[in-house]
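J.: Sequence:
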Amino acid sequence: MAITENDKATGRYSLFKLSPQWFLAEGVMMRGMRRGGMVISLLLLLGLPEVRASEPPALSSFPRTVVSDDERDHWSFLPLRGQGVPEVKHGGWCRNPVDRFVMARLERAGISPSPMATRRVVARRAWFSVLGLPPSPAELDRFLNDSKPDAWERLVLRLLASPHYGQRWARHWMDVARFAESGGFEHDSDRNNAYHYRDFLIAAFNTDMPFDRFVKWQLAGDELAPEDPLAVMATGFLAAGVFPSQLTEAEFESARYDELDDIVTTTGVALLGLSVGCARCHDHKYDPIPSQDYYRLASAFTETIRGEITVQPPWQGAASKILVASEGLPKLKHNADGRGFPHFYKQTHFLARGDVSQKHGVADTGFLQVLVKKGTQENTWLQPPPKGWTRTSFRRAALARWITDPNRGAGHLLARVIVNRLWHYHLGTGLVATPNDLGVQGDEPTHPELLDYLARRLIEGGWRLKPIHHLLLTSSVYLQAGQVGREEQDLELCRQLDVGNQLWWHRPRRRLEAEAIRDALLRVSGLLDSRMYGPGTLDAHSPRRSVFLKVKRSRLVPSMMLFDWPEHLVSIGRRANTTTAAQALEFMNSPAGRGYAHRVADRLPDEAVQAIDAAWRIVLGRLPRSDESQAVTRFLGRQASIYQAAGLSSTRAQQVARVDMCQALLGMNEFIFLD
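Start counting the sequence shown at 0; every next residue gets the next number (numbering that gives the first Met the number 0).
Keep in mind that the hints were calculated from the coordinates and are not lab data.
Computed from a prediction, not measured in an experiment: that's the story for all the values here.
Each hint should be verified, as a subset may be incorrect.
DEER-style ranges, computed between Cβ atoms [said to hold, decoys possible]:
#: 1; residue 1: Glu448; residue 2: Pro534; range: 42 to 50 Å
#: 2; residue 1: Ala318; residue 2: Ala108; range: 56 to 64 Å
#: 3; residue 1: Gly109; residue 2: Ala575; range: 29 to 37 Å
No more than 30 Å apart at the CA atoms, straight line, and that leaves these computed lysine-lysine pairs for BS3-like [what the hints assert, rightly or not]:
#: 4; residue 1: Lys284; residue 2: Lys147
#: 5; residue 1: Lys320; residue 2: Lys330
#: 6; residue 1: Lys358; residue 2: Lys345
#: 7; residue 1: Lys372; residue 2: Lys284
#: 8; residue 1: Lys345; residue 2: Lys320
#: 9; residue 1: Lys330; residue 2: Lys345
#: 10; residue 1: Lys465; residue 2: Lys147
#: 11; residue 1: Lys345; residue 2: Lys332
#: 12; residue 1: Lys320; residue 2: Lys551
#: 13; residue 1: Lys284; residue 2: Lys332
Each residue gets a CB set at the ideal place from its N, CA and C atoms; glycine is no exception.
Construct the entire structure; sequences and hints are all you get.
T.: Structure (structure tokens):
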């Protein structure tokens, strides 16, 4: 990449912007430092001023990089497109506008969609998708016996109205927000009142809080709605990051900048799908995020610290201490107290290479240039505090207003990010397959017009998520079967034309997440405790939903980690999905797996055939096939004989054989995979 005169004029000539052909991914630069003189020679070659290491930089020398028009041209930075829904030849397949966008691409590629899945399959799919739980036999029968044309739409509305919806989707956002209830590092001190942030998430999703308010409150709820307990609880988003417990005097200031970096980085990937944190040490190598923009964002949090205040959550009869992030509060104690660590510094400086010993002046609060509409003044969002307000600076409130402004600020990207997350969780992969990176290095959207259509629908609908959920869940795309019901020749052609299913011509099978597996075990065994809110627990045998497992960073629940529970250190947009022998052994050999099987067996009727049917309906949501029924009847007989030979009574032997049957059912792929 050549350095143009415009680059020099605007300041965009950082060494980090050169192509691999120039520096071989910085290898030449680093070797030049060792060999002495190569970097200076390259600077002179480029016509840039020489900077000698022995001369400390002036405070005014921090580069003021200007984002060019070309750099604003990346798809995710552009305004939302306004074109209409496409016309298609096969309109009969389309149940709503989402399908027309998908069908238009399929028609251009010469691919036909898969047939609809059975009602039982889509019902089980939706229960897990919306609630993270399997349907009970009675709930499933209610839907299967509903012959009205709008049966599916009404089922979706019932699921979205369930309080379990908030528990399911709060857990998704906890991944994104890197939520945990301890500080991490060596001592991993507990944050006993951090759980109120999780409770805020559950309440916000269940009440369908507008997403722009949901975001604003997490950044500045204490400034925007200080009298609302939920708004204050929401600032737990800023307080959720790690913090070291072992600090030397020399590390105090750098630790504070690390803390600011955690907040800025998480805000960037969680809300904007941009790796803003990469600009801490230098201009972002790929996205148009200058280092100065990074520090101006960090400046909004200059005096923000963790603290505890007392409020009364709406669902509690008494006031409670909650962990928040704000200014002017009594600081939350940590192990560096008493040794001169001030918790925050009154100014945030521009740092060369992120080094606190290389300060380049004070950073004023500002925003990402690439997400400010040209011609817009930053004071559009930088409004003064209300008269008489002295506790906080209202810089976070300005950031919250900018990030949710779809016309002049970053709101159009915020909308794209969240509708892409909804698609990701419902269909397994986002329209952008990298949900935490919509920048230059992230994947391109498979259906950019559809992504923008959904983002516009969200904004025009008052930023409410439930209508978008309903739109996705009632689409033919969501209701498709997997690669079944097609001729082999047709199937092979589809695979050749779209091996990665990027055009959504079938529904891939996928494994449930750790929480859904554990919650399904609790549900089918009859143990599930559906209580809402309150503190979590480290007891893996607790009957409460998995969202209430306490997230202590140094004591993560082993059975959850087996199924790819995240480590809760950074924002996670897409979990790993592994298959290991240890996962099968958890069902086969663990006392917990055997215990769930015992509880399922206790729920079965006495008569043998009825017991087999009931076991299949409870665990798998269907009746056994005739070959399965015959095989399991023989299995029960053999197992009972073995146990009787070992000295058990006939009745006891039959009971233990039933437990074996239930344990085998719980260990089936069909139990933990969704078709």
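J.: Decide, hint by hint, whether the structure agrees.
T.: Structure-based check of all given hints:
no.: 1; hint: Glu448 to Pro534: 42 to 50 Å; verdict: 45 Å, holds
no.: 2; hint: Ala318 to Ala108: 56 to 64 Å; verdict: 59 Å, holds
no.: 3; hint: Gly109 to Ala575: 29 to 37 Å; verdict: 34 Å, holds
no.: 4; hint: Lys284 to Lys147; verdict: 56 Å, violated
no.: 5; hint: Lys320 to Lys330; verdict: 14 Å, holds
no.: 6; hint: Lys358 to Lys345; verdict: 14 Å, holds
no.: 7; hint: Lys372 to Lys284; verdict: 22 Å, holds
no.: 8; hint: Lys345 to Lys320; verdict: 27 Å, holds
no.: 9; hint: Lys330 to Lys345; verdict: 15 Å, holds
no.: 10; hint: Lys465 to Lys147; verdict: 23 Å, holds
no.: 11; hint: Lys345 to Lys332; verdict: 19 Å, holds
no.: 12; hint: Lys320 to Lys551; verdict: 19 Å, holds
no.: 13; hint: Lys284 to Lys332; verdict: 38 Å, violated
This entry does not satisfy hints 4 and 13, going by the numbered hints stated previously.
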